[in-house]
Each structure stands twice: as C-alpha cells, then as structure tokens.
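For the record, the sequence lines run as chains H and Z.
When the first sequence is numbered by UniProt numbering, its final residue is 381 and no position is left out of the sequence of numbers.
When the second sequence is numbered by UniProt numbering, its final residue is 381 and no position is left out of the sequence of numbers.
Calculated from the structure, these hints are not laboratory results.
Take the hints with a grain of salt, since some may be wrong.
What the hints assert, rightly or not - Computed spacing ranges between beta-carbons, pair by pair:
| id | chain 1 | residue 1 | chain 2 | residue 2 | range |
| --- | --- | --- | --- | --- | --- |
| 1 | Z | Ala-219 | H | Asn-380 | 37 to 47 Å |
| 2 | Z | Lys-22 | H | Gln-270 | 49 to 59 Å |
| 3 | Z | Glu-340 | H | Leu-335 | 45 to 55 Å |
| 4 | H | Asn-146 | Z | Lys-69 | 25 to 35 Å |
| 5 | Z | Ala-219 | H | Pro-70 | 41 to 51 Å |
Claimed, not checked - With a straight-line Cα cutoff of 30 Å, these simulated DSSO-like cross-link-like pairs (lysine-lysine) come out:
| id | chain 1 | residue 1 | chain 2 | residue 2 |
| --- | --- | --- | --- | --- |
| 6 | H | Lys-330 | Z | Lys-45 |
| 7 | H | Lys-369 | Z | Lys-34 |
| 8 | H | Lys-22 | Z | Lys-22 |
| 9 | H | Lys-43 | Z | Lys-25 |
| 10 | Z | Lys-6 | H | Lys-315 |
| 11 | H | Lys-227 | Z | Lys-369 |
| 12 | Z | Lys-6 | H | Lys-69 |
| 13 | H | Lys-22 | Z | Lys-369 |
| 14 | Z | Lys-22 | H | Lys-35 |
| 15 | Z | Lys-43 | H | Lys-227 |
| 16 | H | Lys-25 | Z | Lys-102 |
| 17 | H | Lys-34 | H | Lys-22 |
| 18 | Z | Lys-202 | H | Lys-336 |
| 19 | H | Lys-25 | Z | Lys-43 |
| 20 | H | Lys-25 | Z | Lys-315 |
| 21 | Z | Lys-369 | H | Lys-34 |
| 22 | Z | Lys-114 | H | Lys-6 |
| 23 | H | Lys-35 | Z | Lys-102 |
| 24 | Z | Lys-25 | H | Lys-35 |
| 25 | H | Lys-25 | Z | Lys-35 |
| 26 | Z | Lys-330 | H | Lys-227 |
| 27 | Z | Lys-69 | H | Lys-94 |
Claimed, not checked - What the simulated footprint calls covered on chain H by chain Z, stretch by stretch (three residues with Cβ under 8 Å from a Cβ of chain Z suffice, anywhere in the stretch; the number is not a length):
| id | region |
| --- | --- |
| 28 | 22–30 |
| 29 | 186–199 |
| 30 | 229–237 |
| 31 | 240–247 |
| 32 | 354–367 |
As the structure is a computational prediction, the values presented were derived from the model and not from experiment.
Backbone N, C-alpha and C fix where the C-beta goes; we use that ideal spot for every residue, glycine too.
Spelled out, the chains give:
There are 2 protein chains.
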Amino acid sequence: MIPFNKPFIIGNELRYIEEAVKSGKISGDGLFTKKCQQFFEEKYKFPKVLLTTSCTDALEMAAILCDIKPGDEVIVPSYTFVSSANAFALRGAKIVFVDSYKDNPNIDPEEIKKHITSNTKVIVPVHYAGVACDMEAIMNIAKDHNLFVVEDAAQAIDSYYTFSDGTKKALGSIGHFAAFSFHETKNIIAGEGGMLVINDNKYFERAEIIREKGTNRSAFFRGEVNKYGWVDLGSSFLPSEIISAFLFAQLENLDTIQAKRIDIWNRYLQGLKALADNNFIQLPIIPEFATNNAHMFYIVCRNYDERTSLINFLKESDIHPVFHYLSLNKSEFFLKDNLEIDIPNSDHFTDCLLRLPFYYELSEEQQQKIIQRINTFYQNK
Amino acid sequence: MIPFNKPFIIGNELRYIEEAVKSGKISGDGLFTKKCQQFFEEKYKFPKVLLTTSCTDALEMAAILCDIKPGDEVIVPSYTFVSSANAFALRGAKIVFVDSYKDNPNIDPEEIKKHITSNTKVIVPVHYAGVACDMEAIMNIAKDHNLFVVEDAAQAIDSYYTFSDGTKKALGSIGHFAAFSFHETKNIIAGEGGMLVINDNKYFERAEIIREKGTNRSAFFRGEVNKYGWVDLGSSFLPSEIISAFLFAQLENLDTIQAKRIDIWNRYLQGLKALADNNFIQLPIIPEFATNNAHMFYIVCRNYDERTSLINFLKESDIHPVFHYLSLNKSEFFLKDNLEIDIPNSDHFTDCLLRLPFYYELSEEQQQKIIQRINTFYQNK
C-alpha cells in the first residue's frame, strides 16, 4: 500500500522528549520551544517567531493582532483550507473570497484589487504547495490601501520570493504576520503544530501576551514587570514541550529532509512531463520569483470525471492520491449569509487537482510504480 | 532543590509515541486520542469526551457551544485562572466576577444568586484544588434561571460530588460542559493538553464540528455525509497524537498515580495539623459532598507579609512553594471597562494562599524536610 502521507521519526525525537521531561518542564515555552524559535529566526531571518499548537492558532493570533472587528473585510482565496477564513470569521470579519490564477492555485493580485472596499482590513495570501504568491504585487496593494498582509505559509517552509530589485526573502518574512504548519502532512512535522512569525517589532509584546492567555507572563519571567496578570484578550496558543522536542529533532535534519523531497519532486516531474507535453494533465508552475520547497506534487486533470477515474485506477494498485480543497465560497457556512458567486479557477482546482503520495520515506521503487500507473492510465485516452 | 512541580514519565509514554508514528497517523483524532476519550467516558461515565490542546481551548469550545454573544453575562469566580474568564471574553461576553467562600476558594452559590440578571447566560464553577463546588446548589440556580453551567474542572480529574439524595457523580459530568487540563502541574500530564466533556447529547455533533475547524469532517469519516466542508465557526482544537500517546500511558497508571498523591496529601495533613489547630495556618477544607483527588496541598497564611516571610524562609532551604491567582476583578484588562469592586475572600486567598511542592516523584524524605521547615518557621511566632 502506498498511502498519501506517512509520518516519520528521523533523529532524536524520542530522546529529546525524554530530555524535556528530565529538565523539569514540559509545559509551553521551555528549552525546546526556544531552540525551535531561534532556529527559524536565524535561518530565515524572521524577526520574531512564536511556536503555536497549530497553523490555525497562529492565524487566530494574527487576527487578534490585526484587531479584527465585526464588519471588517478580509480577502482570502476561495481555494484554501478553511482555517485561512475561519480564524478571521471567529473575530467577526466578513470574508471576501477571490479567485486563483487560471494555471496556479495562488491568489491573483488583479482579483484582490477588484475586491477592495473601504472596509477591507487584511489580505491573506496562501502560498499553495509552498510556491510563493506574487508578494511584491500584494505588498504594493496593501501599502496603497493601508492593509495588513497575513501570509498563510502553512505549506511554505524553506521557500523564497525574489523581488524585482533582486532581493530574495523567505516566505513568511514579507507580510506583517505569517502562519506556518507542522501538521503531519508537512515537510517538517509534529503531528499538529504551527508557528506565528511577526515581522514588525511593534507587535512583538502584544503577540507574546495574546499567546500567554492574555497575561504579561513572558515579560514577568524576563524581569520587566514585578507581577503578571490579565492585560488583554488571549488564549493558550503555546504547544507542549513534548511537541517542541519532537519538532526540534526534525529541524536538525531539515537539509536532509529537503534534499530527499526535492529528489522526489523532480522524479515526479521527469516521469510525468510527457503527459503534460501532450496536454493530458497540467503540472505545477513555479514562477520566476519563486523557489520550490518540494512540499507537494500535484497534477491538474482535464475534468472532474477523469480525475475520479484516475483516483479509482490508482486505488486498484493500492496507490492513494487525494484531491484537495473545495471552493469555500460554495460552503454551507458562507452561503448562510452570502449570495452564491462565481469563482471559476478555484472551482477548476476543486474539481481537477490531484495530489500524489509524497513523504520522506517514499522509496524510488514506490514512486516509479506510481508514475508508471499514471502513464498507463493515459495510454488509451 | 525541591521544586514546586516536576513532570514525570511513568510507563509507555515514549513507546506509544513511536507506535503512533509507525501507525501512519500523528495528526489529531488517531488511535491514542480515541483510547484516551474512551477511557474517560467509561471510567467517569462522561457521555462524550473530546481531547483538546488545552483546558483553555476546551473552555473556548464551551463558549462557542453556549453561543455567547456580545452583552451576554458570564458568572466566574474572581479567584481563578485567567482562562476561566478569557474564553468567554473572546466571544464578547461581559464577565461578572463573584466571591469565594470565606474558608474555601470555591465559588459561593449565595454570591452567584446576587449577581444574576436578565443577561446572565452561563455560570462557571471552578473546582479549586480538585475539590467540588456545591454543584447541587449551582445546578438548581441554573435551572431556575435557564442558564448553562460550564465546569472548569482543570484540576478536578478523579474527583466526585455527592448529591443530597446520595447520588455520587464525577466532577465534569454534572454541568452542561466541563473542561479538564493535562498541563504539567496536573495529576495526569501531557505538558499542555485538555479535554471537553459534553453532557447533553444535543451538543455532540456541533462540538465535533467546532473542534474540526468548523467542518463536518468527523461525520464524513463515519460515512454519514458524502463530502465534508465548512459548516460552522471553529478552530483546530484537537491535539497531536504525540500528546495523546503520552497521555494514554499516564492514564494506564492513573490508580498508581492517585494512590501516591493521596499518600503525599495525607502526610502534609498530618505534618501540618498541629499548626492549624493552633491557628497559625488554615488547611484545605473538603466538604462532605466532595472527595479529595489530591491535586494540590495548600495552606492559608494569616496575612500577606507572613506568607512572604515563609516563602523566603523555605527558599533558603531550597524548597519552592508558590502562591496562586490574583483576583481577576483587579486585573488591568477588567478595569479597562469596569469599576473597581470589592471581592474580599478572593483577595484573602490572593494574599495568603500558598501551594506546597507536590508531584509524583516527591519522596517521603523530601516531604518530611518541607514539613519540618514549615513547623520550624512557626516555632517562634
């Protein structure tokens, strides 16, 4: 059986959990949480990182930091995970869904422009498959209209964007805030887990407070205040050290993991290129301004029925690809308060995009089988 | 050095984490999450249990399930952890703080009655130190005024309440909802972690949806709907299987842990009883309707200054007791929108209550040293 995903232990995960227990502290913000945060801050030049229990929680922290109030509008791609929208809906925002590019699931800046009103407060670009949205265009729109940009970088660890002046920056370091995921399907995993990146130092202190249940406990432990108490809204957004210890062991092996994933990605590309050249399928596009973090390999089928046939065909060989999001503008929750609108490219990816098995322990032999079966499927089409 | 708290590994914690990874699933709601939930449902007759990433998150789920809207009033003891209030404040509730009993930090039902208005929607009894609030009185008030009761049972695992008709029920099974914690300071630990108990089956389905980011994913996996999507508000409240695996190993040893903690509690009682008899300190009160889960051993000093002297005296012997909450009605956040009010018993516990070191691996020898030093402190008073 070749599953879509498979979690893995690569190094000292269990030993570090034991170490954390022995250190006398496994609640949040212990030694391993600090090691992980420091790792990210140094490697990707993130000004401040706070680990969270999930990417969803990081997005919720961003929503509180943006001071979302009922009536504020937040622009989100329709082709995304529900949390990109939910985190802002929880604070009372009106979600404004916009379309992807025709040939790339990322949000189209031209579509963003069309949907800005005097109530718009935040743009949420989602770096689909870890491939950068056009951040220069998006940041310019945000500057023109005085908006926050919250990067949904759930899939975008170790991925970069190059500006037109040649400056290259890690995804997550460009908007005001960014949210990453360490869900078991991501490149670096902790089962469930995430982090918030804060790129503007004027939000550092409040972010710490919100994450510590609305208390100034972090400042207290640094000796900046002489007692701590309830000063703001907040929640318990910080993960157990058991999670951070597991995560840190993965981070120590980031380069190994990434090298292996790039190989897997390139093998898929080589093995399926002929099908794309013959227009049976469409392959992922990596724009010139983006890098490839090998988070995901997807194909876009010609239509919904052909995708369904392909899924069934592969399942007969015990290969388990999976489709992805359903256009959120068509969800039951959105349609309670909104009229149906047409967002065609998002619908196209909803119907036709298919993600292939992709995980650290996927063997070359397994991958050749997947590639061979897909080619066989299209032989008589 | 005798710290206030010390986390511990008691059995198969690491082996189960490894098993979870090998099973192919470490995101939420895997095998170990289900095992933990089933354990609690069977042992304590909880109708439905959902593990969460923290007790705070379980309280937030309860607030969404109670449909809290701006202007709704929620009655909370002033002497409690910030999350008991914050979870409802996040949904826009007005928090109404009320006082504890004079000789017991639990909420006083007579004080609850005085603060009910036409806007009251929820009462949040907090079972301080795992000792039951007067749930019969509180449930009667709730029934009379058609209110929700959300038990903050963070500290109350394995603790019971006996009704006047002799019926004995586990704490957490009495209100509409209850929230428990597995923070490293609790009897059963996962570093950070929690669970929501749902006692009314009319909320089962919505609770699952809210916990799964507002999607009906759980129903989908049971085959009840043929696709899943965004149907409600929600968040990512479910913990990683790494957490659940660790927790399940602890649960397998619940009886051993509880037996040891009861011994520790009783040794403190014996060793400090004479000081209480001579009115130097006050000891915990276990009302007749309550049981003792040995979560915490605290003493109440005669005044703030004496408590400070005692803390300093014990620290000289490398013993680290800690005080607890600060009256939330005096917090900066509450005073932004509210006038200062007088809640005297809460202030008394804020100033005078002191928690003694208490953890599974605390040795008898260490404990005798603590008891001896406290007695020495009072010798010349």
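Check each numbered hint from earlier against the structure, then list the numbers of those it violates in ascending order.
Checked against the structure, the hints that fail are numbers 2, 5, 6, 7, 10, 12, 15, 16, 21, 22, 23 and 32, while the rest are satisfied.
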